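J.: Turn these sequences into a full structure, and let the hints steer you where they fit.
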Amino acid sequence: MGLMVLLKREFGERVRNKTFIVSTIFGLVVILGISFAPSIMDKIKSADKAQITILEQTGQVTPYLDAQLQSKLPNGEREFSFQTVVANSSDWADQKKVLLEKLLAGETSAVLEITPPDAPDSVIWHSKKIDLGGASTKVQAALQQMTTQQRIKDSGLSQPQLTAIFTPLNFDMQTEGLKASSKEQQTQNMILVYILLFMLYFSLIVYGMYVANGVVEEKSSRVMEMMISTVKPTTMMAAKILGIGAVGLLQYFVWIGAGLGLLSLKGKGISIIPGMTLQVTTIEPLYLLYFGIFFILGFLLYASMYAGIGAMVSRPEDTNQAVGPMTFLIIAAFMLAMLSLYSPDNPWIVGLSYVPFFTPMLLFSRIVLTHVSTLGIVVGILDLVLAILLLMWIAGKMYRVGVLMYGKVSWRNMIRLVRDR
Amino acid sequence: MSLNLISVNKSFGAKRVIEDLNLCIPKGEVFGFLGPNGAGKTTTMRMILDIIRPDRGQITWQDKIVSLATARSFGYLPEERGLYPKMMVADQMHFFARLRGLSKVEAKKRIGYWSERFQLGELVKKKANELSKGNQQKIQFIIAILHQPELLILDEPFSGLDPVNVELLKSAFRDLSKEGRTILFSSHRMEHIEELCDSLCLIKEGKLIAKGSVGSIKRLTGRQIIRLSMVGSLDFLQDFSIDLAKLRSTISKPEEGVTQAVTEVEFDLPNGIDPQAILQKAIEQGQVKRFEIGDPSLNEVFITLVGGNA
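Top to bottom, those sequences are chains A and B.
Letter by letter, the first sequence follows residues 1 to 421 of my numbering.
Letter by letter, the second sequence follows residues 1 to 310 of my numbering.
Calculated directly from the structure, the hints in this document are not laboratory data.
Just so you know, these numbers come straight off a predicted model, no measurement behind them.
A virtual CB, placed ideally from N, CA and C, is assigned to each residue, including glycine.
There may be inaccurate statements among the hints.
Below are the DSBU-like pairs computed for lysine-lysine, each with C-alpha atoms no more than 30 Å apart in a straight line [stated by the list, open to error]:
no.: 1; chain 1: A; residue 1: LYS232; chain 2: B; residue 2: LYS133
no.: 2; chain 1: A; residue 1: LYS128; chain 2: A; residue 2: LYS97
no.: 3; chain 1: B; residue 1: LYS127; chain 2: A; residue 2: LYS18
no.: 4; chain 1: B; residue 1: LYS127; chain 2: B; residue 2: LYS86
no.: 5; chain 1: B; residue 1: LYS86; chain 2: A; residue 2: LYS18
no.: 6; chain 1: B; residue 1: LYS86; chain 2: B; residue 2: LYS64
no.: 7; chain 1: B; residue 1: LYS127; chain 2: B; residue 2: LYS170
no.: 8; chain 1: B; residue 1: LYS289; chain 2: A; residue 2: LYS232
no.: 9; chain 1: B; residue 1: LYS289; chain 2: B; residue 2: LYS27
no.: 10; chain 1: A; residue 1: LYS18; chain 2: B; residue 2: LYS125
no.: 11; chain 1: A; residue 1: LYS397; chain 2: B; residue 2: LYS64
no.: 12; chain 1: B; residue 1: LYS108; chain 2: A; residue 2: LYS232
no.: 13; chain 1: A; residue 1: LYS232; chain 2: B; residue 2: LYS15
no.: 14; chain 1: A; residue 1: LYS8; chain 2: B; residue 2: LYS127
no.: 15; chain 1: A; residue 1: LYS102; chain 2: A; residue 2: LYS43
Label pairs and their computed distance ranges (CB to CB) [what the hints assert, rightly or not]:
no.: 16; chain 1: B; residue 1: ASN37; chain 2: A; residue 2: GLU317; range: 26 to 34 Å
no.: 17; chain 1: A; residue 1: MET41; chain 2: B; residue 2: LYS104; range: 53 to 61 Å
no.: 18; chain 1: B; residue 1: SER132; chain 2: A; residue 2: ASN320; range: 29 to 37 Å
no.: 19; chain 1: A; residue 1: GLY12; chain 2: B; residue 2: GLU205; range: 39 to 47 Å
no.: 20; chain 1: A; residue 1: GLY12; chain 2: B; residue 2: THR304; range: 50 to 58 Å
no.: 21; chain 1: A; residue 1: GLY12; chain 2: B; residue 2: SER132; range: 23 to 31 Å
no.: 22; chain 1: A; residue 1: ASN320; chain 2: B; residue 2: LYS15; range: 28 to 36 Å
no.: 23; chain 1: B; residue 1: ASP63; chain 2: A; residue 2: GLY12; range: 35 to 43 Å
no.: 24; chain 1: B; residue 1: ASN37; chain 2: A; residue 2: GLY324; range: 31 to 39 Å
no.: 25; chain 1: A; residue 1: MET335; chain 2: B; residue 2: SER159; range: 51 to 59 Å
T.: Okay, here's the thing in structure tokens:
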């Protein structure tokens with residue numbers, strides 16, 4: 001009865017809060033932004049057309065490059081277009097001068113000098129900007145290939161021999177004992193884990209802070225004294241944690257719902273990092289279930305710590321400082337989880353994934369990315385649950401005496417008060 | 001059917017806050033809890049509510065040791081008023097009523113009744129932090145009594161209220177008392193204690209120094225006070241070895257139509273002097289408007305008992 005009344009207040013007051021409404025809408029805007037980001041990026045990239053004017057002696061290089069560099073922009077146009085100017089040693093300098101003026105006037109994006117008379121073995125790329133890994137790199141690679149082939153040919157090898165030399169090796173990857181059967185699948189899983197871990201990280205910090213602030217609010221406004229003579233501190237704490245947890249879940253339902261809706265609407269999947277796409281159809285439902293479990297357990301674990309710390313603070317201004325160590329713990333867990341993305345079987349990662357503070361992130365990451373025995377999963381969840389119960393008990397005690405502690409906060413005072421009451 | 005404190009002791013660290021406190025407050029009594037700042041009043045109240053526990057001794061209510069279960073049935077107005085700052089007042093009252101186990105309908109009914117009685121009007125639609133301190137206090141008082149507690153513990157219920165609100169609160173006090181509820185309250189305003197309490201106790205540095213009915217406490221000092229107002233010279237008082245220079249509250253005011261000033265004085269009756277002799281002398285000296293032999297006010301008793309051996 002008491003718990004329900006408290007829960008209702010905790011949930012109702014928070015959901016009606018402006019901050020909640022604004023942050024939920026903001027999250028939706030971000031999700032929309034991400035889902036439209038690829039097409040926006042396409043638009044931006046489509047403007048990257050390179051018009052290259054080639055100054056050469058033979059007139060043979062341009063057709064070769066034109067044939068080799070067929071890459072298309074997202075809007076279907078070709079990335080490169082070439083113009084050729086043939087010159088010989090007598091009028092080279094004049095032609096070059098004319099072309100460079102065109103370049104400066106912006107009529108062409110680059111001028112390429114192929115084996116100028118004064119430097120027979122070199123190619124010079126003229127451009128108005130320092131090109132890092134863009135058009136110049138692609139052109140250079142193509143020219144390099146052309147030269148290599150030419151040189152090998154000059155050394156007397158026939159075309160079939162050449163083809164044989166350049167035939168690529170068949171390199172096939174086959175993973176055993178893993179749920180992911182292919183590289184694509186594993187990449188998918190990694191993205192999924194990354195996103196979910198980030199959500200977990202974000203919510204532990206944000207909702208944990210809500211819990212701490214809620215407790216401090218009750219203390220600093222002295223409501224605590226009223227409450228503590230009415231309900232058990234554990235009930236109070238449970239209501240606070242569950243109420244805020246429910247608020248968090250509601251927010252996620254809205255966000256994930258919107259995200260999944262957009263994913264399935266777009267069908268082809270959202271590419272978050274170029275070359276890696278996340279598709280709704282390939283998400284293994286079991287992973288989402290594990291995410292749910294670890295989300296809830298992780299939240300309970302950290303929220304009870306936040307609540308205990310909140311009970312020690314008497315002024316709202318001190319909250320941030322007091323929860324500092326907690327935030328570091330969560331950041332450490334997240335960092336370790338990032339490491340686990342690439343080496344989920346590292347003995348350190350395996351060991352740490354059974355330390356309750358890290359279990360929600362590390363064990364989840366390992367379950368998705370590598371093979372964890374059922375026993376391992378059960379043990380992980382069990383020790384997490386035990387740690388939660390222990391921490392809740394301690395936090396409940398701290399909560400109980402926190403009402404009497406105003407002003408100076410120290411662990412010694414706290415322990416003494418817990419003992420004396 | 002009473003609240004009993006049996007040799008209650010409480011220390012915080014090395015500091016003894018309550019020492020061997022014994023109290024018995026019968027059901028239906030309005031009991032004043034007096035003491036200077038830091039005497040241990042709030043600590044005692046918190047112990048009655050089982051917020052903190054005595055190191056030694058027992059506190060019982062209706063023969064049961066106090067616990068959360070008993071505390072839930074009490075009404076409590078803490079010294080530091082506490083409301084959720086950003087919650088609407090009406091919601092807040094409803095929340096606390098529901099928390100104490102009232103049904104929705106009942107809660108609404110009683111909130112309606114008390115809001116009207118305390119003239120809250122539009123205030124119920126505001127957030128708590130938009131209210132003045134006095135108004136917050138009225139809300140908090142309503143919250144304390146919504147569930148019709150058998151025992152009410154009120155820590156300084158009158159502080160910060162304007163005279164109109166003090167009257168509202170006093171009338172509520174009287175009604176609650178008529179309904180047979182036990183009220184324990186602390187105050188530094190002695191006139192409120194005198195007016196409302198059946199009996200009271202006075203504690204100092206955690207020790208009980210006086211308890212009993214208001215009348216018996218007043219007689220405790222053994223002092224008698226003479227209140228005299230008259231037209232004429234007061235010089236004769238010197239014959240009774242009363243130092244004119246030390247007279248308390250000497251007020252002179254010209255009365256309408258009378259050219260002579262009326263002098264009002266109040267002084268302790270010196271030992272071994274018959275008050276009738278003073279009256280006789282006064283009549284000889286001038287026109288006596290008022291002559292009264294009485295107990296000292298509670299305020300004076302308080303100062304004597306608390307300040308005397310400080």
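J.: If a hint holds in the structure, say so; if it doesn't, say that too.
T.: Status of the hints after comparison with the structure:
Restraint check for LYS232/A and LYS133/B: satisfied, since their Cα atoms lie roughly 28 Å apart, inside the 30 Å limit. Restraint check for LYS128/A and LYS97/A: satisfied, since their Cα atoms lie roughly 15 Å apart, inside the 30 Å limit. Straight-line distance between C-alpha atoms of LYS127/B and LYS18/A comes to about 14 Å, which keeps the hinted pair within the 30 Å bound. The hinted pair formed by LYS127/B and LYS86/B meets the criterion: a straight-line CA distance of about 5 Å does not exceed 30 Å.
For the hint linking LYS86/B to LYS18/A, the alpha-carbon distance of about 11 Å falls within 30 Å, and the restraint holds. For the hint pairing LYS86/B with LYS64/B, the CA-to-CA distance comes to about 38 Å; that exceeds 30 Å, so the pair is violated. Straight-line distance between C-alpha atoms of LYS127/B and LYS170/B comes to about 26 Å, which keeps the hinted pair within the 30 Å bound. Only pairs whose Cα atoms come within 30 Å are accepted, and LYS289/B paired with LYS232/A is rejected, the gap being roughly 63 Å.
This hinted pair does not check out: LYS289/B and LYS27/B have alpha carbons roughly 43 Å apart, beyond 30 Å. A C-alpha spacing of about 18 Å is found between LYS18/A and LYS125/B, which places the hinted pair at or below 30 Å, so the restraint holds. Simply put, LYS397/A and LYS64/B have alpha-carbon atoms about 24 Å apart, close enough for the 30 Å limit, and the pair holds. With a CA separation close to 25 Å, the supplied pair LYS108/B and LYS232/A stays within the 30 Å bound.
Note on LYS232/A and LYS15/B: the hinted pairing holds, with a Cα-Cα distance of about 28 Å set against a maximum of 30 Å. Between LYS8/A and LYS127/B, the direct Cα distance comes to roughly 18 Å. Compliance with the 30 Å bound is thereby established for this hinted pair. At roughly 27 Å between alpha-carbon atoms, LYS102/A and LYS43/A fall within 30 Å of each other, so this suggested pair holds. Separated by about 27 Å at the C-beta atoms, ASN37/B and GLU317/A satisfy the suggested range of 26 to 34 Å.
Look at MET41/A against LYS104/B: about 55 Å separates their beta carbons, and that is inside 53 to 61 Å. About 31 Å separates the C-beta atoms of SER132/B and ASN320/A, a value consistent with the hinted range of 29 to 37 Å. A beta carbon spacing of about 46 Å between GLY12/A and GLU205/B agrees with the range 39 to 47 Å that was offered as a hint. Distance hint check for GLY12/A and THR304/B: the Cβ-Cβ separation is about 54 Å, which falls inside the suggested range of 50 to 58 Å.
The hinted range of 23 to 31 Å is satisfied by GLY12/A and SER132/B, whose Cβ atoms lie roughly 26 Å apart. With their beta carbons about 32 Å apart, ASN320/A and LYS15/B fall inside the hinted range of 28 to 36 Å. Take ASP63/B and GLY12/A: their Cβ atoms lie about 40 Å apart, and the range 35 to 43 Å holds. The beta-carbon spacing between ASN37/B and GLY324/A, approximately 37 Å, falls within the hinted interval of 31 to 39 Å.
A C-beta distance of roughly 53 Å is found between MET335/A and SER159/B, which places it inside the suggested range of 51 to 59 Å.
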